[in-house]
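Given the sequences, and given the hints that come with them, work out the whole structure.
2 protein chains.
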Amino acid sequence: MTKQFHDNVLSDDALDQLFHEARSYNGWLDKPVSDEQIRAIYELMKMGPTSANMQPARIVWAKSAEAKQKLSDLASEGNKTKIETAPVVAIIGYDIDFHEHLPWLFPHTDAKSWFEGDEAGREQGAFRNSSLQGAYLMFAARALGLDCGPMSGFDNAAVDKAFFADQPRVRSNFICGIGYGDASTIFDRSPRPDFDRFNTIA
Amino acid sequence: MTKQFHDNVLSDDALDQLFHEARSYNGWLDKPVSDEQIRAIYELMKMGPTSANMQPARIVWAKSAEAKQKLSDLASEGNKTKIETAPVVAIIGYDIDFHEHLPWLFPHTDAKSWFEGDEAGREQGAFRNSSLQGAYLMFAARALGLDCGPMSGFDNAAVDKAFFADQPRVRSNFICGIGYGDASTIFDRSPRPDFDRFNTIA
Chain A
1 MTKQFHDNVL SDDALDQLFH EARSYNGWLD KPVSDEQIRA IYELMKMGPT
51 SANMQPARIV WAKSAEAKQK LSDLASEGNK TKIETAPVVA IIGYDIDFHE
101 HLPWLFPHTD AKSWFEGDEA GREQGAFRNS SLQGAYLMFA ARALGLDCGP
151 MSGFDNAAVD KAFFADQPRV RSNFICGIGY GDASTIFDRS PRPDFDRFNT
201 IA
Chain B
1 MTKQFHDNVL SDDALDQLFH EARSYNGWLD KPVSDEQIRA IYELMKMGPT
51 SANMQPARIV WAKSAEAKQK LSDLASEGNK TKIETAPVVA IIGYDIDFHE
101 HLPWLFPHTD AKSWFEGDEA GREQGAFRNS SLQGAYLMFA ARALGLDCGP
151 MSGFDNAAVD KAFFADQPRV RSNFICGIGY GDASTIFDRS PRPDFDRFNT
201 IA
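Chains as they are written, first to last, in UniProt numbering: chain A, 1 to 202; chain B, 1 to 202.
One or more hints might be untrue.
[As the list claims (entries may be wrong)] Here are the computed lysine to any residue pairs in the SDA-like style, where the Cα-Cα straight-line distance is at most 20 Å:
#, chain 1, residue 1, chain 2, residue 2
1, B, Lys70, B, Thr81
2, A, Lys161, B, Asn199
3, A, Lys161, B, Ala202
4, A, Lys80, A, Ala162
5, A, Lys3, B, Arg23
6, B, Lys112, A, Gly78
7, B, Lys31, A, Gln4
8, A, Lys161, A, Glu66
9, B, Lys112, B, His101
[Stated by the list, open to error] Computed list of chain B residues with no C-beta within reach of chain A, every gap over 12 Å:
#, residue
10, Asp73
11, Lys80
12, Thr85
13, Asp110
14, Ser113
15, Glu116
16, Asp147
17, Ala158
18, Lys161
19, Pro168
20, Pro193
I should point out that these hints are in silico values taken from the structure, not numbers from a laboratory.
Think of the CB as a built atom: it goes at the ideal place given N, C-alpha and C, for glycine as much as any other residue.
See the structure below:
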């Protein structure tokens with residue numbers, strides 16, 4: 001039986017850690033992130049919902065100096081140092097042929113057949129759902145006491161070739177530095193919209 | 001000064017509430033969600049990171065029976081009852097012309113100019129970042145003791161016309177039921193991949 005938490009609001013400290021005080025960092029403390037931490041992030045993020053449990057995200061966690069340099073060489077000027085100095089940078093890609101895995105990921109019906117022959121639909125679904133998974137990754141990292149620095153300024157086609165050459169149906173979505181943020185590298189938080197600016201209750 | 005939470009792992013209960021025990025519900029208890037709760041979800045979700053703080057999500061929270069019926073009429077067969085019975089359904093759209101707001105959302109530089117004349121790039125950025133924001137919405141709802149049921153099976157163009165007619169540059173992304181999940185309406189959790197299946201540490 002699923003445990004439910006109806007009307008249980010997380011503690012102020014937990015809300016601060018996940019939302020109010022969490023920031024996107026531009027620089028990092030000189031403190032490594034272990035393989036165990038990377039695996040722990042994935043163990044949490046994979047619990048998040050995706051359409052028909054498609055789980056389209058394919059991730060390369062660039063941790064070695066060589067991998068980060070290779071990624072930095074393909075990134076926009078403003079992202080190079082962020083990449084090189086992050087303890088690890090997750091390259092979040094998505095598999096356009098995710099439907100091949102649905103027989104074991106969504107075993108109670110023939111979901112694979114819903115996606116066959118519709119590559120444009122799969123591309124859109126994989127992009128949407130791998131973006132969701134990228135957000136789950138960030139919340140998982142934050143929940144484990146780590147900080148994030150997401151970035152989308154890089155040459156996607158070149159990154160696909162450099163990091164997903166063995167998975168030719170995978171396309172990069174965005175990348176995310178993970179580590180212990182250096183508070184001296186961030187500015188004041190950018191303004192946030194009032195509810196009524198971008199929301200309607202109908 | 002930003003508060004940091006380095007190496008502070010959230011409690012097991014909080015991780016259960018957000019990740020391990022959270023489920024996508026197909027049915028709902030007969031218990032309303034208030035406007036105050038909807039606003040509280042947005043107050044949390046808007047803190048999440050978007051590229052250049054673009055905040056492209058535009059949300060219609062369908063709460064009245066009329067609004068839910070209108071949405072249900074445009075949804076796939078399997079989603080109609082889920083929509084009609086949910087206390088509220090968030091219709092998460094994205095503004096292709098989000099860059100018009102960057103002068104106040106990202107005030108320290110001329111970010112608007114980065115996006116001018118590149119509608120395809122804006123569409124991609126708005127789709128990616130509104131998907132991230134949809135994930136933040138779900139984690140915000142869960143953090144407040146609510147449950148979610150995300151769906152993408154509906155006629156996007158018709159929903160745009162029905163709910164964003166006054167915002168012709170907004171496109172629907174996905175929708176999400178929010179309420180108190182009825183545990184009798186869900187099945188066993190679908191399998192989750194082992195780390196080594198879809199991840200590489202480089």
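The hints, checked one at a time:
1. B/Lys70 / B/Thr81: holds (12 Å)
2. A/Lys161 / B/Asn199: Roughly 17 Å between the alpha carbons, so the hint for A/Lys161 and B/Asn199 holds.
3. A/Lys161 / B/Ala202: Status holds; Cα separation ~15 Å.
4. A/Lys80 / A/Ala162: holds (16 Å)
5. A/Lys3 / B/Arg23: Holds. A/Lys3 to B/Arg23 sits at ~10 Å (cutoff 20 Å).
6. B/Lys112 / A/Gly78: OK: B/Lys112 and A/Gly78 at ~17 Å, within 20 Å.
7. B/Lys31 / A/Gln4: holds (15 Å)
8. A/Lys161 / A/Glu66: holds (16 Å)
9. B/Lys112 / B/His101: holds (8 Å)
10. Asp73: holds (14 Å)
11. Lys80: holds (17 Å)
12. Thr85: At roughly 16 Å from the nearest Cβ of chain A, B/Thr85 sits farther out than 12 Å, so the non-interface label holds.
13. Asp110: Given that every Cβ of chain A is farther than 12 Å from that of B/Asp110, nearest at about 14 Å, it holds.
14. Ser113: holds (15 Å)
15. Glu116: Given a closest Cβ separation of 17 Å, the condition holds.
16. Asp147: violated (8 Å)
17. Ala158: Per Cβ check, B/Ala158 is outside 12 Å of chain A; nearest 16 Å; holds.
18. Lys161: At about 14 Å from chain A, B/Lys161 clears the 12 Å cut-off, so the statement holds.
19. Pro168: The claim holds: B/Pro168 sits with its nearest Cβ about 15 Å from chain A, beyond 12 Å.
20. Pro193: At roughly 6 Å from the nearest Cβ of chain A, B/Pro193 sits no farther out than 12 Å, so the non-interface label is violated.
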